[in-house]
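*Asks:* So the chains spell out like this:
Protein chains: 2
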Amino acid sequence: MNSQQGISRRALLGAAGGAAAAGLVGGVGIGKASTETPEPVATSGGGLVPFYGAHQAGIGTAAQDRLHFAAIDVLPGASRADLVDLLRQWTDAAAAMTAGDVIGGPGESQNLDAPPSDTGEARGLDPAKLTMTIGFGPSLFERAGTDRFGLADRQPALLRPLPAFADDELDPDRSGGDIAIQACSDDPQVAVHAVRNLVRLAHGVANVRYSQLGFGRTSSTTSAQVTPRNMLGFKDGTNNLRSDDAAAMDKHVWVQRGDERGARAWIAGGSYLVARRIRMHIETWDRDTLGDQETVIGRQKLSGAPFGSDDEFAALDFAAKGPDGELRTDPRAHVPLAHPSHNGGATMLRRGYSFVDGSDELGRLDAGLFFLSYQRDPQTFITVQQHLAGKQNDLLNEYIQHVSSGLWAVPPGVRRPGHFWGQALFA
Amino acid sequence: MNSQQGISRRALLGAAGGAAAAGLVGGVGIGKASTETPEPVATSGGGLVPFYGAHQAGIGTAAQDRLHFAAIDVLPGASRADLVDLLRQWTDAAAAMTAGDVIGGPGESQNLDAPPSDTGEARGLDPAKLTMTIGFGPSLFERAGTDRFGLADRQPALLRPLPAFADDELDPDRSGGDIAIQACSDDPQVAVHAVRNLVRLAHGVANVRYSQLGFGRTSSTTSAQVTPRNMLGFKDGTNNLRSDDAAAMDKHVWVQRGDERGARAWIAGGSYLVARRIRMHIETWDRDTLGDQETVIGRQKLSGAPFGSDDEFAALDFAAKGPDGELRTDPRAHVPLAHPSHNGGATMLRRGYSFVDGSDELGRLDAGLFFLSYQRDPQTFITVQQHLAGKQNDLLNEYIQHVSSGLWAVPPGVRRPGHFWGQALFA
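In order, the protein sequence lines correspond to chains A and B.
Residue numbers for the first sequence follow this note's numbering, so the first one is 1 and each next one is one higher.
Residue numbers for the second sequence follow this note's numbering, so the first one is 1 and each next one is one higher.
Chain A on its own, in the form it takes in the complex (with noise of 0.2 Å):
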């Protein structure tokens, strides 16, 4: 356009050192570029989580409000090379980005004759402690029988595709892929804003095999959090492992030195994370009595207390019998099948997300639960939903049908500036 020509001249002269920084900092030339000077962006403290560190940021951190999933597949022509390229943008995009910064520094986007190297919509937005975190799923390191980017022998030997689950109901398009990204913030647009600048550092090396967002969490992850409903309308997460307990977490989401040994040890200090998308049939539920939701759940719906006390924190005590004699809470309900005292001691960190994706076409809506959990050894999720599924089991698979999943290995946290998501696995 004539008109921006016109301003590129002033902003030659007037704005020419911003330019200049943007070709430092960005990689691109000095164009034109236009006559504004960058605003402020918000940096508030209490919004930001910092990236850096042993472990991840977006596990141990206190659940935030939104989130944004999205699974990646590396495309066929990419080689090992570009991936680690990939991996290295995406870890230096994700450090300006959680630290509330635009890709590409404060003086990016101002050549006129390039895309902007940030899409721009978080641009003024605190970011309401943005963390994003990534996990490398089975078919990264092994697809048909391919190794694709010459890390099979470092595929950890606890990644292994779920099995499946009586009735699970998967959409394959939805399930799978070969990297995870999780990107939580309390501000969606923030979130949205993050995974898409990821996506589109990734163009022409991969692509989203599907993404989800998710608008409120489900679970207390630290002690510090009130428990939070889900769309069943029944507080979730009462008992859930708490992030801050740091014995727990070591024992029960970090995986250790020693789990794995050798080419795949590169996973120490990571987790595995399990996504799986729980439909809720929502207009069922609602017309079923409140006697039959807290039979179904093993709790009850307003304080989230066990039967038989006012008090959510109450110990579980599901031999408990009221004065008629009988069990309290029925064995087949919800919270007694999935809980620890019944899976072997099995403990994970759920970090779960509800969704509403509209309505489907007999206008019921698309409701339900985008379950996440993080813990050391995937064996944990698998017994716990393998004595879950199926009619004759959990009361709550009447009202509930999960429709996709996945299992990913999360590296360890990026140590410093300069190193990137996943380095060692490719030592």
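Please keep in mind that the hints were generated in silico from the structure rather than gathered at the bench.
Heads up, some of the hints might be wrong.
Put simply, identical chains are the same to the list, so a pair is met inside one copy or across any two.
SDA-like mimics (lysine to any residue), calculated; alpha carbons at most 25 Å apart, straight line [what the hints assert, rightly or not]:
| hint | residue 1 | residue 2 |
| --- | --- | --- |
| 1 | K391 | P115 |
| 2 | K251 | L201 |
| 3 | K391 | R364 |
| 4 | K391 | G308 |
| 5 | K321 | G363 |
| 6 | K251 | Q225 |
| 7 | K321 | H342 |
| 8 | K251 | P163 |
| 9 | K251 | R332 |
| 10 | K321 | A338 |
| 11 | K321 | P336 |
| 12 | K251 | T222 |
| 13 | K391 | D113 |
| 14 | K251 | I382 |
| 15 | K391 | R174 |
Mind docking chain B on chain A? Use the hints.
*Replies:* Same frame as chain A, but now just chain B:
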């Protein structure tokens, strides 16, 4: 469950007063009741928008951050009396929820033998400025030549289906609808809860036709709001009509007495709502240069200012030329084509939201703008859209696609408890 019968005995002694209150308020008898006592519901003054008034809330209200929109169809078997009864129930429920109460009052839903009167997931959450706004579509008055509810002579002359626009690709299943419900709140769980509970009350009388979540408002609607950015990364709504300008609202948004006469005068104090789901080709846009993006929009991206200025709120001068003697703003850019000065003064109140509904089968984000506008006369929207639509017009059309459409007549506000939405329509 026997365990709950055990509880109920004590409940009938200890909490019978609460159960009796529930019986009175919620219209259910005293049955088995749980031991729980209601927990306080957050009712912080800052989170409440008054429900009753001359106009419906959610139009002039400063735009909240989140949206749940639903289009509802009344079922073929429903009568006029069913419809009126539904509107009465909806009005009372909306008044309760926007006031931070649960449906059925504080003692609701403790009858174990009945479904809870409230689905529960907003319990304990601040209403976060929840507003609920409804509108009546042309099909409520007449469908396929049938006067379904004896309302045909009351259909406003201006309430006719929108005309086809060039290059529309509308999904009929996501367009139209007998009744529109707009729930806005700063908390998506509150907005979702509000729509869900109206839908639940409609069981057997009306069904969801489609619904849409939005996660970021895309316009400032009052002079106190900072201009947000849309999914194109541009500030949106800089020159939006401001709802705190009462004279402008009367001129452009609120239907005035005399606009419609006789049986159609029920719409006075109301408005007309247009909804358009506008899919954005995000990936294409993101690969476009900054200069071209700015040319297409007709403003600068970083500041939102007109070309040649640093001030977002600088007066727009579409005749301004740069030093090279050429127009600074392309006449086919979006901003000039949509501007009132190019549309005979046509001015609407935009109140749209960004959406991301996961990704499509090609891995592209299913993202864009759920455009909502309120205007005194639908012709305002029609004039502007006819000006914009078509590849030969708005340059932005290369990057967007209108995929749904709807128009509804929005009745005036409910004046006081006991009245109901659209009461004058049925008087």
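*Asks:* Take the hints in turn and mark each one as holding or not.
*Replies:* Results of checking the hints against the structure:
no., hint, verdict
1, K391 - P115, "between (53 Å within a copy, 23 Å between copies)"
2, K251 - L201, "neither (36 Å within a copy, 47 Å between copies)"
3, K391 - R364, "within (22 Å within a copy, 36 Å between copies)"
4, K391 - G308, "neither (27 Å within a copy, 67 Å between copies)"
5, K321 - G363, "neither (42 Å within a copy, 53 Å between copies)"
6, K251 - Q225, "within (22 Å within a copy, 48 Å between copies)"
7, K321 - H342, "within (18 Å within a copy, 76 Å between copies)"
8, K251 - P163, "within (24 Å within a copy, 63 Å between copies)"
9, K251 - R332, "neither (28 Å within a copy, 62 Å between copies)"
10, K321 - A338, "within (20 Å within a copy, 69 Å between copies)"
11, K321 - P336, "within (14 Å within a copy, 73 Å between copies)"
12, K251 - T222, "within (16 Å within a copy, 52 Å between copies)"
13, K391 - D113, "between (60 Å within a copy, 24 Å between copies)"
14, K251 - I382, "within (17 Å within a copy, 63 Å between copies)"
15, K391 - R174, "within (23 Å within a copy, 34 Å between copies)"
In this structure, the earlier hints numbered 2, 4, 5, 9 are contradicted, and the remaining ones agree with it.
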